[in-house]
Each structure stands twice: as C-alpha cells, then as structure tokens.
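Trainee: What follows is each chain in one-letter form.
There are 2 protein chains.
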Amino acid sequence: MFKLEHTDKAARAGRLKLKHGIVPTPIFMPVGTLGVVKTMSSEDLKEIGFPIILSNTYHLWLRPGIEAIEYFKGLHSFMNWGGNILTDSGGFQVFSLALLRKITDEGVTFQSHIDGSRHFFSPENVMDMQKKFGVDIMMVLDECIGYPADKDYAQKSTNRTIEWAKRSRDHYKKNDPQMFCIVQGGMYEDLRQDCARRLVDLDFAGYAIGGLSVGEENDLMYNMISASTAFLPVNKPRYLMGVGEPVDILNAVERGIDMFDCVMPTRNARNGGLFTSKGNVSIKKSEYSLNDEPLDEDCECFVCKNYSKGYLHHLFKNKEMLGLRLNTYHNLSFFYKLMNDIRSAIIRDNFLLFKKDFLEKYVCTT
Amino acid sequence: MFKLEHTDKAARAGRLKLKHGIVPTPIFMPVGTLGVVKTMSSEDLKEIGFPIILSNTYHLWLRPGIEAIEYFKGLHSFMNWGGNILTDSGGFQVFSLALLRKITDEGVTFQSHIDGSRHFFSPENVMDMQKKFGVDIMMVLDECIGYPADKDYAQKSTNRTIEWAKRSRDHYKKNDPQMFCIVQGGMYEDLRQDCARRLVDLDFAGYAIGGLSVGEENDLMYNMISASTAFLPVNKPRYLMGVGEPVDILNAVERGIDMFDCVMPTRNARNGGLFTSKGNVSIKKSEYSLNDEPLDEDCECFVCKNYSKGYLHHLFKNKEMLGLRLNTYHNLSFFYKLMNDIRSAIIRDNFLLFKKDFLEKYVCTT
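Read top to bottom, the protein sequences are chains D and F.
First residue of the first sequence? That's 23 in the working numbering, and the numbers climb one at a time after it.
First residue of the second sequence? That's 23 in the working numbering, and the numbers climb one at a time after it.
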C-alpha cells in the first residue's frame, strides 16, 4: 500500500494508498479529537487539501461512544469526511488524561476524565473499536512511558508494548484497514532499536514512533528518532506521533519520517498563535490593530487572501469565534503547505537547502 | 432607489438598489454587531445569498473604533464584505446596553458597557460615524421609548426623535449613502401616526419603525405597525427594526413591511435553538443523539445537505465551536429561504395562503 517514490539522503517522498484516497508523504494530519478538527468543517479540511486526519479513540469511546458511531455507520459518515482517518489507540490519552489508571499485562483500567466512569482498554478491544469506527489506519494499544523513566521500567514497559502489538496482530489479521504498531523504548537508544527490530518481525503495515516530544531535549528526541528508524523497513510508512513544531518536522523528515500529527496548529490558533513563513505571530498584540496586511504574504490560503491582520486582531480581541476559525484555517494551511514544499524539495533532491532557507527566514524574524 | 414591483393586498415585493448591489424585498438582514455576524465569515453570508447585513454603530464606535475603520477604508473592506451594509444609529443600544445615560435635546451622554468610558452621541455625530463606516444605509439617531411609558413622556420623546431626524437630514443632505429615519411613538396609535406623517414631510430614503418588540403583546405590536405604515409613502422601503420570529415577520409583511433584522436566528443558534419548517428544534435534547436525518428536510442549506441532527447534537453537547457555526449557518439559511418564499408568494398573489400553510406546518408540530 506504501510506495516509496524518491529519497533525498534519508528524507523520503512516498505515496500511501488507503481506502479513502492516496496520501502523498511526508504528510501532516490535523487532529480531530471528537470527530471534528476544532472549529473546522470537513469541507474546510478538504478545501485546504488534507487527504487524511487523525481522531482519538479514547475521546470517541467516551463521547459520542461506540454505539453512536456504529449507528451513524462509522466516523466518516458521522462527520461527513470523505478523506482518510487514522485513529490512535487511546494509549497516550489513557496515560496523559485519564484518572486512576491501573496497567497490567492484560490491559489498562482507567477512569474517564469527564465523569470518572470506569473503563478498560485491551489490545483487542481497541482494535475492535477502531474497526467499528471504520477508519483507514488503526493504531495498536501501547504504553506511553513517562519522561524521565528508569531503564528497568522502560524495558519492562517496552516489552509489554511489543507483546500488545503481537496480540493486536493476532486479533486482527485482515489488511483492511491498515494496522500500524508503535515503537517505544523511552529515551534509551538500545531499547528503541530492539523494539523496532522486534516489531518489524511482526510485520505491520506501518510503524509509528511514540513516546517522544514528552519534555526531553530536542537532540535527544532526534537521536531516538534515528535509533528507531534505523531498523524500520524502507518500504513501510513511518509515523512520528504528536510532533510538532515546523523545526521538529523538518528534522524528523531529514531522519526518514513520513507522517506527523499534532494539536499545535489548531490549539495555538485558538490562543492567537499563528504560524507564518517569517515566524510566529501573536495576533492578540495591539501592534496588529492597525495593520491591513495579510497574515503571511507567502500564504495563499482563504484567510490570507481575504482578511487582514487587523481584522484577525479585532476578532480575537473581542472573542469572536470566527477569529478562532480563521486562525485555525490559516495554521492548518501553513502546515499543509509546509509539507507540500518539503515533499517537492525531496523530489528535487533539494531538501537540505529547502530546510536551511525555511529556517533562516522562519527563525530570524521571530 | 426603491422600486415597488408587486403588491398582494398590503404585502409588497420590491427592489432596493444600493451601492453594493440590489436588495430584493421583503428582506431579512443578519446582525453583524462588531463587523462580523457571529461565527460566520463574509463568504458564508454570500454563499447563503444575503445581499445586505446590519452592523451596530454603538458597538463599532467602541470596538474597533472609528479610527480603525477609517484606517481600513470602511467597514466593507475591514470585514471583506462585498454586499450592502446598514448601520443602526446606536440609539437602541444606548438605551438598552449603555450605563448612566443622560438624554437632552442636544443628544445622549452615556458610559460604555465595556469599560465605563464616557461618550456622547448626537444626531450629527452618528451620521458622521456612519459616513466614515462607508455603509449603504445610515439610520438617524432616535430615542427608543421603554415599555410601558406614559403618554406625556412618549409624546415628548417622539417629538425629540422627529427633531433629531430633521437635524440629521440638515446635517447630511447627500443621497449617497441612503438615510432612513425611524418612526417612534411608543404604543400610542395617534403618536405613531403623527410621527410617521411628520417624518414623511422631511422626505427620507426609507422609513424604519422602531421601539417595537420590546415586551408588548403581539397584537399591540401589529396595531402599531399598521398605525405607522398607514402614513408612509408606498414608494419608499419600510423597515421594522429588531423583528423577529417567523410569525412576526409574516404578520408584518402582511402589513406592508419590507425589511427586517434580528439577532434571533444567530443568538438562538448559539444556544442550540434551531428553526425548521416544522417548528423549533432544541438540538441539545438527547433524543437527537441517535438521529441521522438532516435538521430540516425542506432545507437545502450546506448544513442540511451534509450533516445530521446527531452530529449537530454531538457538537453542541461537547461545546465544539463548529456546532455553533453550523447552527448559525442553518438558521440564517432558514430566514433567507423564508424571505425568498414570502417574496415569491407575493409576486404570485398568494401571500396569505403561503402564510397559512407555513404556520400550520410550523406551529402544529412544535
């Protein structure tokens, strides 16, 4: 299903063929937690160009619940989204959001952060849930190791993640939808390598790298990425979960990553933090009140073509919801364009120069 | 500028030619308080079909302020709206929102409801403000009489409103933009008639009816509309300010009203109150959680074509902003279609039958 089209050193351009269309890589997936990318309609996402979005099993399980999504014949028709959907396994949310979690080899028991109700996730039932969502890519349940973590615990947890991946594979053998596993291993290079190797033996459709961007130094993250990708097959997509900043995306692409997701463009937008080719803009600053320029002169999105920084400032300052929507639309357009530009540069064997130019322009003026 | 095209008893179909395009009447104007119809982009409003929106002088004066709107070369370019704009005079907001107001024949001094700052509105300066906004229709400053009000006060206040209308006319004689005056007179038929007659002598481009829908019985409102319109010229548009419910719009059209504005479709949408051809729907009700039907089968708006009641319920229940936007889009589409249907019925000499059919369907099932 994944075709590697071109490499520029370790950077890769490919095509991932899924049930709801082709995904050119490297790709960024907007996060649609509750079956909606906050403030965006499915038509907005299509208009920007995204061929795939992410949604969260943990959140969908709690609201609207499996029964509702089954009633609506899956997540695509529920949210009227014709593109692809990847759902995470809920592992990360159970470890970051849920209350009173108790993990055993069998699975994880936790209390909902909404109403305290008790739930149980196992490798098998999160596969069943995602199958019911009708998504295009399902993620296996993993344990996300906190940072810092001692090596004994990291080793034990990584073994469990691998065991869970195996159980997921055994539980669900069909190739439709695709199943991706998750490389863990904490911040230990040898554990990452070992985890990657053992997961590759299980033969998944794609390989994610989890448990990064959890507070560690950037260089440590980059080393863990390299340690993980070194043992991943070239003909399968690699997905760095929960990342991230444009600079992190560029550094990860340089290390052979194909897929990304992050709440940053959407969450920052709702706080007035906007990404531009010249760096970040905080639209709440009063210096933008009398400014009739577009947010980003290099951006051709609907917002930059039609609205000024002054109007965006006015909307944000006065808590007008349209402001949060326009901010989100722009930030997602920025990430979409960034990935497109990265892909073009790779195909032209020009990635490192592109990265250098982008970062010079992006960092110097912020 | 106004052409009366057809009458069906007292109901009228016309065309109002303004700087930013032709407005077929009867028309409903969405309310864009702060230079934005809450949750809607200007493109959304255009897509629904609105040829004109309303904005509020009082609010714009306070935020972003005259200086900002002048900097952006007017309200149209500030909000990227290519259609027409009518601004009210601020009179109603000064009397309903502002603090510590003091009214004299000269004008009204008040404190901002935002920060308590002191301001002064006169017939002359609100004309100047609206001219700077660059709008298509300007409203004269009036005093909105509370309800109930004794006749002496109503008489005195109505005289002041007429005097202010005269001063506005003297201050601003050009015909571009158009200036509308406002018939007041409280709930007194003779004062309404007298006010209408005296304003007509001053010869305005259009005549609004203000001070209604302020808590009075519906029949009293209808009587006041009839008392006002009886003396208004047939060849000028008539605008019932701040109304309203579909049933009120129908009854007012029946009495010869051409123009309407109201926050109801937009405000109700944000509270989950949705208008449908079968009556009102409160989308927060759990009965909609498993419902894959469109909100209104008779509606062809973007929301009804693409999303289910179940999804709208999910979004609303989980406080997703997209829900408020889709609700608003639908409600405005409902009002737009209602006005279009009313206009077609008038042109077919079929208004009363249309009204009867609409209300039977609309009321019976709520």
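To be clear, the hints were calculated from the coordinates, so they are not data collected in a lab.
One thing to keep in mind: the hints can contain errors.
Identical chains blur together in the list; that is why a pair holds if it fits in one copy or across any two.
[To be verified] Simulated crosslink set (SDA-like; lysine to any residue; CA at most 25 Å straight-line):
1. K68 / R189
2. K153 / N328
3. K306 / N102
4. K377 / A171
5. K95 / N313
Trainee: Next, verify each hint and record whether it holds.
Mentor: Tested hints:
Within a single copy, K68 and R189 get their C-alpha atoms no closer than 35 Å, and across copies no closer than 53 Å, so neither meets the 25 Å cut-off. Proximity of K153 to N328 under the C-alpha cut-off of 25 Å is restricted to the inter-copy arrangement: shortest distance 24 Å between copies versus 41 Å within a copy. For the homomeric pair K306 and N102, the shortest alpha-carbon distance between copies (20 Å) is at most 25 Å, but the shortest distance inside one copy (33 Å) is not. For the homomeric pair K377 and A171, neither the shortest alpha-carbon distance inside one copy (33 Å) nor that between copies (71 Å) is at most 25 Å.
Taking the shortest Cα distances, K95 and N313 sit within 25 Å of each other only across copies (12 Å), while inside one copy they are farther apart (47 Å).
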